[in-house]
Amino acid sequence: MEKRVKFKGLWLPILLVLPQFLITAIFFFYPAGQAIWQSLFIPDPFGLSMQWVGLGNFEFLLADRYYRASFLTTAVFSILVTVVSMGVALYLAVLADRLVKGSGTYRTLLIWPYAVAPAVAGVLWLFMFNTRVGVVTWYLGLLGYDWNHVLNEGEAMGLVVVASAWGRISYNFLFFLAGLQAIPRSVIEAAAIDGAHFWTRFRTIVFPLLSPTTFFLLVVNIIYSFFETFGVIHTITSGGPQQATTILVYKVYADGFVGQDLGSSAAQSVILLAIVSLLTVIQFKYIERRVHY
Amino acid sequence: MATLTLSNVKKSFGKTDVIHGISISVEDGEFIVIVGPSGCGKSTLLRMVAGLETITSGDVQIDGRRVNDQEPMDRDIAMVFQNYALYPHMSVFDNMAYGLKIARTPRAEIEERVAHAAKLLQLETFLQRKPRELSGGQRQRVAMGRAIVRKPAVFLFDEPLSNLDAKLRVQMRLEIKALQRELGVTALYVTHDQVEAMTMADRMVVMNGGIADQVGEPLEVYANPATEFVAGFIGSPPTNFLSADILGRSGDTKVGVRPEHTRLSDSGSLRARAAYSEALGAETLVHLKCADGTQVTVRQDAASTIPQEGNEVGLDWDPANEMRFDPSGRRC
Chain A
1 MEKRVKFKGL WLPILLVLPQ FLITAIFFFY PAGQAIWQSL FIPDPFGLSM
51 QWVGLGNFEF LLADRYYRAS FLTTAVFSIL VTVVSMGVAL YLAVLADRLV
101 KGSGTYRTLL IWPYAVAPAV AGVLWLFMFN TRVGVVTWYL GLLGYDWNHV
151 LNEGEAMGLV VVASAWGRIS YNFLFFLAGL QAIPRSVIEA AAIDGAHFWT
201 RFRTIVFPLL SPTTFFLLVV NIIYSFFETF GVIHTITSGG PQQATTILVY
251 KVYADGFVGQ DLGSSAAQSV ILLAIVSLLT VIQFKYIERR VHY
Chain B
1 MATLTLSNVK KSFGKTDVIH GISISVEDGE FIVIVGPSGC GKSTLLRMVA
51 GLETITSGDV QIDGRRVNDQ EPMDRDIAMV FQNYALYPHM SVFDNMAYGL
101 KIARTPRAEI EERVAHAAKL LQLETFLQRK PRELSGGQRQ RVAMGRAIVR
151 KPAVFLFDEP LSNLDAKLRV QMRLEIKALQ RELGVTALYV THDQVEAMTM
201 ADRMVVMNGG IADQVGEPLE VYANPATEFV AGFIGSPPTN FLSADILGRS
251 GDTKVGVRPE HTRLSDSGSL RARAAYSEAL GAETLVHLKC ADGTQVTVRQ
301 DAASTIPQEG NEVGLDWDPA NEMRFDPSGR RC
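Quick mapping for you: the protein sequence lines, in order, are chains A and B.
Per our numbering, the first sequence starts with residue 1, numbered consecutively.
Per our numbering, the second sequence starts with residue 1, numbered consecutively.
Isolated chain A (complex conformation) (with noise of 0.2 Å):
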């Protein structure tokens, strides 16, 4: 059965389709063009003038050292962060699953810090964990361990990994629990006679059925990573000590905005988007084929 509306003018479909459009281009397109116009040019500190450099700006990029360590730190960063929040968020949905009192309650509890912005959670680490006043240190210091993430590199991005994973935690739970709970419960036990005890089980049954849930997951989750972790880096470590949590996003941020060099910035947002591209695409192209749908 066919449900295809057939507009008579052409005046009513395109005003539906309006709304969706303008959204996009003013709010996608507009920016993105400008990005890539303005990654050719190199203004003035006043603002006045630009002078046009060809792809200058990307070959002065791809030259710079530390451009170049920003992406290992991106890298290191998005895998750790996507490990950890849907490590993390497998583990407590696959216990959620099993829970037969109180998992409402459990489930709510877990869903929560989903709705702390990425900047107050970065504060509230930063709070826990702060050098001279942190809960967290303390008791470290108690045990004999001295934190100090503004000097130490391996614990800043330690931090900050932790900190966007948390919030992540809870929406990766609530999609591997939905994943969990549509797998037919005869289909377990079927295994379960078979033989199957429980980690060959999830290793063999659960963990392919969900796999699509897990593949939508890691697209979602390298895409957080990259973007949306900007208000935890910013509050908690401004990309130091010495850049080592200087991401792709946040040097974008850096260089433009406080260094006042719109014409690289713009260029790393250019590569940035190049980068998300081409990882989606190949996201779907090499890892799909291995999903069972």
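Do not rely on the hints blindly, as some may be mistaken.
Claimed, not checked - Below, computed lysine to aspartate or glutamate pairings styled on EDC-like, alpha-carbon distance capped at 20 Å:
no., chain 1, residue 1, chain 2, residue 2
1, A, K101, B, E53
2, B, K289, B, D326
3, B, K254, B, E217
4, B, K10, B, D69
5, B, K101, B, E111
6, B, K151, A, E189
7, B, K151, B, E133
8, B, K130, B, E111
9, B, K101, A, E59
Source of the hints: derived by calculation from the structure; they are not laboratory data.
With chain A's structure known, arrange chain B on it following the hints.
Then chain B, alone, in the frame of chain A:
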């Protein structure tokens, strides 16, 4: 090959008792059908034997060993589920081989056993397909195959035919029965369909509200129902029940007469009005209504005369075919 013994098995969910104590002893190679309406606890009973539900009290023994506290995998059983419960991401071969692979059976033996089961079930050409590419009947066969390859002591069937269409159901009914005989495996089969129970069972257990009303051979149960419930549930169309009042007798004994034993006769003392009739070809079912509203069905040969709708006729039967039940529903 094994015996299966249930002794006074009970199940409660919280404070609700679902199964009130059931004892059955299944001989080696016997095909037992548990039949009853939905909610009578028959599936729960089967799941307790499988180890998918805990046993509140009583004992389940397979081949003499108590299995109450054993995991499903250690009980040496195989189960066929109503929705087949095939692994959707695995091929037919992998579905059948799954249990053997987990048991670390040698590759050559796995292939041999799966090939044997596939041949038995005519699935040889489908081994590389995924379950979603199969029809309902084929999926049903794969579920059977998965049970067969493991060579279990006891087969458990949980309404395996209820998702199939009527024609396929009749065919699979015969196939399952033939297969079970050929393999000589003890089987416990749960269904709500009394025809399946009658045709497949060596002995059947009629369950009602968590109690086994009667255990016996199908024809014995049909001819000699122990309770009013069994008389009404087994047999289609169901037994006619007549109160002492309408028969003009004293006491409160209810009388049951099967439709094929009820005769239309002008001399019959019980009068009823013909409501409607269903011609099935070989026979015609005549539905009548007595003065107090009691429904009576009479099974008539197609050749015999069928009363006009609205006409009053007399009903009669051989007293030997009369089944009497006391007010609690027991035979008396």
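Status of the hints after comparison with the structure:
no.: 1; hint: A:K101 - B:E53; in the structure: holds, 17 Å
no.: 2; hint: B:K289 - B:D326; in the structure: violated, 23 Å
no.: 3; hint: B:K254 - B:E217; in the structure: violated, 25 Å
no.: 4; hint: B:K10 - B:D69; in the structure: holds, 15 Å
no.: 5; hint: B:K101 - B:E111; in the structure: holds, 11 Å
no.: 6; hint: B:K151 - A:E189; in the structure: holds, 18 Å
no.: 7; hint: B:K151 - B:E133; in the structure: violated, 27 Å
no.: 8; hint: B:K130 - B:E111; in the structure: holds, 18 Å
no.: 9; hint: B:K101 - A:E59; in the structure: violated, 57 Å
Checked against the numbered hints above, the structure violates hints 2, 3, 7, 9; every other hint is satisfied.
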